[in-house]
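Chains as they are written, first to last, in my numbering: chain X, 510 to 859; chain A, 306 to 604.
Don't read these hints as lab results, they were simulated from the structure.
Hints are not guaranteed to be accurate.
To be verified - Have a look at the derived ranges for each label pair, beta carbon to beta carbon: (1) X:764 - A:311: 35 to 45 Å; (2) X:725 - A:589: 11 to 21 Å; (3) X:704 - A:590: 26 to 36 Å; (4) A:311 - X:718: 34 to 44 Å; (5) A:573 - X:597: 31 to 41 Å; (6) X:725 - A:382: 20 to 30 Å; (7) A:481 - X:699: 26 to 36 Å; (8) X:725 - A:432: 22 to 32 Å; (9) A:478 - X:808: 42 to 52 Å; (10) X:816 - A:591: 15 to 25 Å; (11) A:586 - X:816: 54 to 64 Å.
Stated by the list, open to error - Computed footprint of chain X on chain A, listed as stretches where at least three residues anywhere in the stretch have a Cβ under 8 Å from a Cβ of chain X: (12) 394-406; (13) 416-428; (14) 436-445; (15) 584-598.
For each residue, glycine too, the CB sits at the ideal point set by N, CA and C.
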Amino acid sequence: MRLPRKLLAIGLGTAVLVALNQVFEHGFGNFQINPYYARIINLIGINVTLAVSLNLINGLAGQFSIGHAGFMAVGGYTATYFTVYHGQALAALAGSTLNDAVGGSLAMVVSLTLGASAAALAGLVVGIPSLRLRGDYLAIVTLGFSEIIRVLILNIPAVGGATGFTDAIPITNFFWIFAMAMVTIVVVRNIATSTFGHALATIRGDEIAAEAMGINTTRHKVLAFVISAALAGVAGGLSGQLFANPLNPQNLNFVKSIEVIVMIVLGGIGSITGATVGATILTVLPEALRSFDRQFPGLRMVVYALLLILMMIFRPQGLLGRWELTWSWLGSRLWRRPAAGPAGTAGLDR
Amino acid sequence: METFFQQLINGLSLGAIYALIALGYTMVYGVLRLINFAHGDVYMLGAFAGYFLANALQLDANPSVVGTIAVTIGSMAICAGIGVLIERFAYRPVRHHSRLTSLITAIGVSLLLEYGGQVVFGATPRFFPQMIRSRIYSFGGVQITNQSLLIIVVAVIVMFGLEFVVHRTKIGKAMRATSFNLSVAKLMGINTDFVIAFTFALGSALAAAGGVMVALAIPRIDPLMGLMTGLKAFVAAVLGGIGNIPGAMVGGVLIGLMETWLGATAYSTYRDAVAFSVLILILLFRPAGILGTATIEKV
Numbered sequence: 510m511r512l513p514r515k516l517l518a519i520g521l522g523t524a525v526l527v528a529l530n531q532v533f534e535h536g537f538g539n540f541q542i543n544p545y546y547a548r549i550i551n552l553i554g555i556n557v558t559l560a561v562s563l564n565l566i567n568g569l570a571g572q573f574s575i576g577h578a579g580f581m582a583v584g585g586y587t588a589t590y591f592t593v594y595h596g597q598a599l600a601a602l603a604g605s606t607l608n609d610a611v612g613g614s615l616a617m618v619v620s621l622t623l624g625a626s627a628a629a630l631a632g633l634v635v636g637i638p639s640l641r642l643r644g645d646y647l648a649i650v651t652l653g654f655s656e657i658i659r660v661l662i663l664n665i666p667a668v669g670g671a672t673g674f675t676d677a678i679p680i681t682n683f684f685w686i687f688a689m690a691m692v693t694i695v696v697v698r699n700i701a702t703s704t705f706g707h708a709l710a711t712i713r714g715d716e717i718a719a720e721a722m723g724i725n726t727t728r729h730k731v732l733a734f735v736i737s738a739a740l741a742g743v744a745g746g747l748s749g750q751l752f753a754n755p756l757n758p759q760n761l762n763f764v765k766s767i768e769v770i771v772m773i774v775l776g777g778i779g780s781i782t783g784a785t786v787g788a789t790i791l792t793v794l795p796e797a798l799r800s801f802d803r804q805f806p807g808l809r810m811v812v813y814a815l816l817l818i819l820m821m822i823f824r825p826q827g828l829l830g831r832w833e834l835t836w837s838w839l840g841s842r843l844w845r846r847p848a849a850g851p852a853g854t855a856g857l858d859r
Numbered sequence: 306m307e308t309f310f311q312q313l314i315n316g317l318s319l320g321a322i323y324a325l326i327a328l329g330y331t332m333v334y335g336v337l338r339l340i341n342f343a344h345g346d347v348y349m350l351g352a353f354a355g356y357f358l359a360n361a362l363q364l365d366a367n368p369s370v371v372g373t374i375a376v377t378i379g380s381m382a383i384c385a386g387i388g389v390l391i392e393r394f395a396y397r398p399v400r401h402h403s404r405l406t407s408l409i410t411a412i413g414v415s416l417l418l419e420y421g422g423q424v425v426f427g428a429t430p431r432f433f434p435q436m437i438r439s440r441i442y443s444f445g446g447v448q449i450t451n452q453s454l455l456i457i458v459v460a461v462i463v464m465f466g467l468e469f470v471v472h473r474t475k476i477g478k479a480m481r482a483t484s485f486n487l488s489v490a491k492l493m494g495i496n497t498d499f500v501i502a503f504t505f506a507l508g509s510a511l512a513a514a515g516g517v518m519v520a521l522a523i524p525r526i527d528p529l530m531g532l533m534t535g536l537k538a539f540v541a542a543v544l545g546g547i548g549n550i551p552g553a554m555v556g557g558v559l560i561g562l563m564e565t566w567l568g569a570t571a572y573s574t575y576r577d578a579v580a581f582s583v584l585i586l587i588l589l590f591r592p593a594g595i596l597g598t599a600t601i602e603k604v
């Protein structure tokens, strides 16, 4: 895409999101959105960010991280901490308050940037020792890391400790959630189609061969991991500052990381479309099963577990495999024109 | 000095538990190169199997050593069976797929046992019957309960037994051959499916023994008890050198000692983080583990 078209797309996307945000917050004419549905839609956006970012390291690079909740916690707590303790001062600099659109947006941008940076730093610290090695070490180290983070948070009273960060100021809104989901999708898609992404695909295929081709495998893996962690941090920052949705060490545990993995496994490991679909299904499904869940506590997780095992045995590539929804595919369906060449990374695996 | 020895004893008995579980991780990893995430949950099932057996034998009312041994062996047999079933119906179908597929399956099995356990046994903790009367021995101010002593003795016997099985018996030779190269072992006429099933049975039986031992010392059991303990035991296996039997023992004891030592200081709330911090350090400086040897991956 050339620059003017890019700017046009960004402008158009922003305008649509702002308009939708307006509908979300103030309604449209007589129409007021049900706050319950609004909440689910917001959570879908956050989970899409989480799943697509995990997909970068687990799907594209073929590594296996099972501590995504840890990075979400680092980013989320950093961002929320900033807004709670310095947000008012920052908004005052712009002559505004946190409840105002200008002040809130300013605090959002700064806190998300800080959260993403903190999560990226954590990703670097975790990634360097574990990604130098081949094999399953990343899995166990990321799992350990997320546990360490949980224990640390439990011991910091300034962020609420075991009761959760209930002092959080709700500055997250529909606009920011979906803007960040879009940004995540675009970033991961662009990585997938770039030289860097092709190097990651080679590493996924055969690490020794990739090294023989002159790819610095550790560097590529660590970079992908750091970007993935930063995006998870953004998701955490959004989640922690969403209305009445405080961060809690109890919710940012192993089970949360597994949920994100189930999302991408269900959708198709390596497919951005799949991660998005998986995130949506796994956000809506538990809500639909809520009464069932209350009747048989724990059965939802049993269903997840069986889903994982059966998927691995009968359809290890997930629902969509590596298939991607692309403009050219849409175009070919809508105008009955043959698609212009293989789309996205899918071409690499054929 | 007295407190030092007291902590040493406490650390040893905690470490012996980690070591018993770590042995199972290390054997399965040695043969299949698979982190069997469900192993910690087999340990939990071992404790529950012991619970039901002990109640069936009414050992709570009349504690006896013979009954305790019967319960331990029964629980080991049940878990060996469960281990074989897990291998047969979850891991074998995905064995020829990528390692990622096996790993996700392992996580799935682990979740299934944990939450299936919550559905079947209920989430509230249960209290393990007192199968042997608690006694406290005192050596110059250092106190040790008969349960802790039992744990340490059982762990040491099991390790020597395992070393014997792996290095001195025919099935052990087959295990080592399978671990070295699965397809070549198959070409040499080794029934690798049987060897792998045997490895799972043996590892699961050890985990069950660990489960019953722990339940004797700390009688609170619940379906999620295997999660943290299992993870730490895996860290112990990596610390000692994964695939290495004495390594698992050394790693388990080291982690047990460190946790007990930290638990006695002002930083006791950070106890759960120790094992994982050690893991990150060991991967930085000696990725093959303390007793492990680095291998070069050939094309």
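Going down the list of hints, with the structure as the test:
As the Cβ distance of residue 764 (chain X) to residue 311 (chain A) is approximately 36 Å, the hint placing it in 35 to 45 Å holds. Our hint of 11 to 21 Å for residue 725 (chain X) and residue 589 (chain A) holds, since their Cβ atoms are close to 19 Å apart. A C-beta distance of roughly 33 Å is found between residue 704 (chain X) and residue 590 (chain A), which places it inside the suggested range of 26 to 36 Å. Remark: the range hint 34 to 44 Å for residue 311 (chain A) to residue 718 (chain X) is contradicted by a beta-carbon distance near 55 Å.
The hint said 31 to 41 Å for the Cβ distance between residue 573 (chain A) and residue 597 (chain X), and at roughly 37 Å that hint holds. One distance hint, 20 to 30 Å for the beta-carbon pair residue 725 (chain X) and residue 382 (chain A), is violated here, with the actual separation near 51 Å. For the pair residue 481 (chain A) and residue 699 (chain X), the beta carbons lie near 48 Å from each other, so the given range of 26 to 36 Å is not met. At roughly 56 Å, the beta carbons of residue 725 (chain X) and residue 432 (chain A) sit outside the given window of 22 to 32 Å.
Distance hint check: the CB atoms of residue 478 (chain A) and residue 808 (chain X) are about 45 Å apart, consistent with the given range 42 to 52 Å. At about 38 Å, the CB distance of residue 816 (chain X) to residue 591 (chain A) disagrees with the hint of 15 to 25 Å. In this structure the supplied range 54 to 64 Å is violated for residue 586 (chain A) paired with residue 816 (chain X), their Cβ-Cβ distance being about 36 Å. Against chain X, the stretch 394-406 of chain A contributes 8 residues with a C-beta closer than 8 Å to a partner C-beta. That satisfies the three-residue criterion, and the hint holds.
Under the rule that three or more residues need a Cβ within less than 8 Å of chain X, the assignment of the stretch 416-428 of chain A holds, with 8 such residues. Chain X is given as covering the stretch 436-445 of chain A, and this is violated because 0 residues of the stretch bring a CB closer than 8 Å to a CB of that chain, at least three being needed. Look at the stretch 584-598 of chain A against chain X: 5 of its residues bring a Cβ nearer than 8 Å to a Cβ of that chain, three or more, so the hint holds.
The earlier numbered hints that this structure contradicts are 4, 6, 7, 8, 10, 11, 14.
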